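Student: Taken in sequence, the protein lines are chains E and S.
Position 13 of the first sequence, counted from 1, bears residue number 20 in the numbering used here, the numbering being contiguous throughout.
Position 192 of the second sequence, counted from 1, bears residue number 625 in the numbering used here, the numbering being contiguous throughout.
Hints are computed from structural coordinates only; laboratory data are not their basis.
Just to be clear, a hint being listed does not mean it is correct.
Taking beta-carbon pairs under 8 Å as the criterion, some of the chain E residues facing chain S (in silico) [as the list claims (entries may be wrong)]:
1. 56
2. 87
3. 89
4. 91
Distance windows between CB atoms, simulated [what the hints assert, rightly or not]:
5. E/144 - S/627: 20 to 28 Å
6. E/117 - S/446: 14 to 22 Å
7. S/512 - E/79: 20 to 28 Å
8. E/117 - S/513: 18 to 26 Å
9. S/445 - E/83: 17 to 25 Å
10. E/88 - S/575: 36 to 44 Å
11. E/73 - S/551: 47 to 55 Å
12. E/145 - S/562: 33 to 41 Å
13. S/626 - E/145: 26 to 34 Å
14. E/115 - S/626: 32 to 40 Å
15. E/117 - S/445: 18 to 26 Å
16. E/79 - S/624: 41 to 49 Å
Listing some non-contacts, in silico: residues in chain S with all C-beta distances to chain E over 10 Å [claimed, not checked]:
17. 447
18. 528
19. 555
20. 573
21. 577
22. 588
23. 629
In this text, all values refer to a predicted model and were calculated from it rather than measured experimentally.
C-beta atoms are modelled at their ideal positions from N, C-alpha and C, and glycine is treated no differently.
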Amino acid sequence: MTEDMSGTPPHHGSHWYDAEAGPLVRPYAMTGGRTRPVTTTVRFDLIALIDLQDDAPEAVGKEVETLGPEHRALVDLCRIETQSVAELAAETDLPVGVVRVLLGDLVELGCVRVSRPVPPAQLPDEKILREVIDGLRAL
Amino acid sequence: MDSAPSDRRVDDALALKILIVGGFGVGKTTLVGSVSEIRPLRTEEQLSEVGTSVDDTGGVDEKATTTVAMDFGRITIRAGLAVYLFGTPGQDRFWFLWDELATGALGAVVLADTRRLQDCFPAVDYFEHRSIPFIVAVNCFPQSRSYGAHEVARALDLDQGTPVVLCDARDRDSGKEVLIRLVEYAGRVHTARLLDTVGTEPVG
Ligand SMILES: Nc1nc2c(ncn2[C@@H]2O[C@H](COP(=O)(O)OP(=O)(O)OP(=O)(O)O)[C@@H](O)[C@H]2O)c(=O)[nH]1
Ligand SMILES: [Mg+2]
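Isolated chain S, as found in the complex (with noise of 0.2 Å):
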């Protein structure tokens, strides 16, 4: 039997990773949900990879894990292209879950409180030596103090270009905007790495 020309030819359709890392209750799922349809996703660890020491269960193959729930998110660009959005806890003891989830991704979105910009240095850290462009996004609260993006991206010590957004997680326009910031850094970062890349050429 011939099989009919499929239009889901799953080689042809392009799916692109974004993640939101930040802080406990700093807006994460309020940030997923006011730009896409969110649904909870679950992921599972072996407890050992949690942080919890294992040392002294002398190699006995423990299969309890526990449970990680994430914030997943998707907005359909087109047919064949989708945005996946993936927002996680940003305590460094996760970072076994950013590291899934940054292979291949196209950025990610730190998000931040002023007033505890202390919980975003571990993500801050993490994408920094790893070279993925990310934004840091300052969710506005009112009863915080309001800074300005410059104050911020000196307090974090950032490095040069990295953008800094003041938004509102709540809100649907401001959602997007800081995703559009994030793919157009993204963009700018590739560029500059490609011509980095032609410029060094080892010769011979």
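Chain E extracted, bound-state conformation (with noise of 0.2 Å):
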């Protein structure tokens, strides 16, 4: 009988890591060491939102067979429901920057879309800030 260790999860503690305490790693094995994503026109913000293509499920479903798994699992993740960046990443613990360069790949194919960037130094109006605060009030 193996033992495949490979399947154990990596620790998560509530520490972050450092330049001195933080381990090396590569993950950009399933990115084909890009670190960028290939569609630079859109900017992948941690909270940017992202939405199957909902007029090509059918194409969705073939190219992305063509795809590794991690691929795979961000479109199905999206399939729920509306995910941001950050949750992908979350949830399928990759690091946000292999996420990016999937997504990437994913907008290109035409299987997701991405919600406008927020500009900078824009803030919502009051009505939603409003909100928010009665929001979080009845939290």
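If you follow the hints, you should be able to join the two separate chains into one complex; please do so.
Tutor: Right, here's the structure in full:
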């Protein structure tokens, strides 16, 4: 019997890692060594929202077959509901940079679309902020 | 095939971002966890960006990266409106993370421990220089002598009007209050800036 230790989930404590203590990782194997998304026109903010393109469900299925399991995992999560980049990374336990690259592929293929980036220094209007405050109070 | 109207229009959905920044062990994870469902989030940076000198690698494209874990929480206000919390380390060598997080952010909470107030200097500097609305939340540990909000504001040399709140990061209501104060303050800052812009509109 062989014990497959590669399936052991990495330990995540409440500690962040720094240059001194941080483990060196090479998380880009599944991106073919790429560290930047192919789609440079789309900026994937951590809270950019990702949706499946609802006009191409058949194509999505076929194209994604040719991609890796990580791509498929992202598509499957977006199928359930709209996801932020951060949620996709947390959910798949992939580093954010890797998720960005994979999402770039999916955008290229027309599988997913990304919400408009939030312009810096632009705040939502007062009504939204009021909603947020009331929502927080009601938590 | 006509696509059915979707209730998942990404462009109608709104996501707001709040940063929780603070020194080692100040209570970031505790605060994010007390107000939201918390999950670890891994981001990664080229080593050169984390303050390690790679000057002598002579332009070799080193792909090794180091992982930085952040606290990540989501609070759903209603369908299509959610607040995302990101807890990040407070040392200034992590400013590259704050850059990314601060873009389009509603504002930041700088968590402080009165026994090590200097730990939040870099974050206070950072947000002041970039005019990002922030409040200072003093996490009250039992061993620490209690300081008033004014004392903390003076010790940190905060700009007039920057709120200082005392909190217990373990307590949900206290954590909620911290976030509410930030959102209120961010709204006030924003309104003031709008008025400012109108007042100083260049003529001709
Ligand atoms: N008494 C008291 N203890 C607290 C409070 N907030 C956090 N703690 C405790 O302080 C310790 C550190 O809290 P964390 O939330 O892990 O702090 P952190 O900022 O996430 O720490 P790092 O991620 O390691 O930098 C934990 O043991 C908490 O239980 C507080 O308001 N009062
Ligand atoms: Mg922590």
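Student: For each hint, tell me whether it holds in the structure or not.
Tutor: Now for the hints, and whether the structure bears them out:
| no. | hint | in the structure |
| --- | --- | --- |
| 1 | 56 | holds, 4 Å |
| 2 | 87 | violated, 10 Å |
| 3 | 89 | holds, 5 Å |
| 4 | 91 | holds, 6 Å |
| 5 | E/144 - S/627: 20 to 28 Å | holds, 25 Å |
| 6 | E/117 - S/446: 14 to 22 Å | holds, 20 Å |
| 7 | S/512 - E/79: 20 to 28 Å | holds, 27 Å |
| 8 | E/117 - S/513: 18 to 26 Å | holds, 24 Å |
| 9 | S/445 - E/83: 17 to 25 Å | holds, 23 Å |
| 10 | E/88 - S/575: 36 to 44 Å | holds, 42 Å |
| 11 | E/73 - S/551: 47 to 55 Å | holds, 54 Å |
| 12 | E/145 - S/562: 33 to 41 Å | holds, 35 Å |
| 13 | S/626 - E/145: 26 to 34 Å | holds, 29 Å |
| 14 | E/115 - S/626: 32 to 40 Å | holds, 38 Å |
| 15 | E/117 - S/445: 18 to 26 Å | holds, 21 Å |
| 16 | E/79 - S/624: 41 to 49 Å | holds, 46 Å |
| 17 | 447 | violated, 6 Å |
| 18 | 528 | holds, 13 Å |
| 19 | 555 | holds, 14 Å |
| 20 | 573 | holds, 20 Å |
| 21 | 577 | holds, 21 Å |
| 22 | 588 | holds, 26 Å |
| 23 | 629 | holds, 13 Å |
Violated hints, listed in ascending order, are 2, 17; each of the other numbered hints is respected by the structure.
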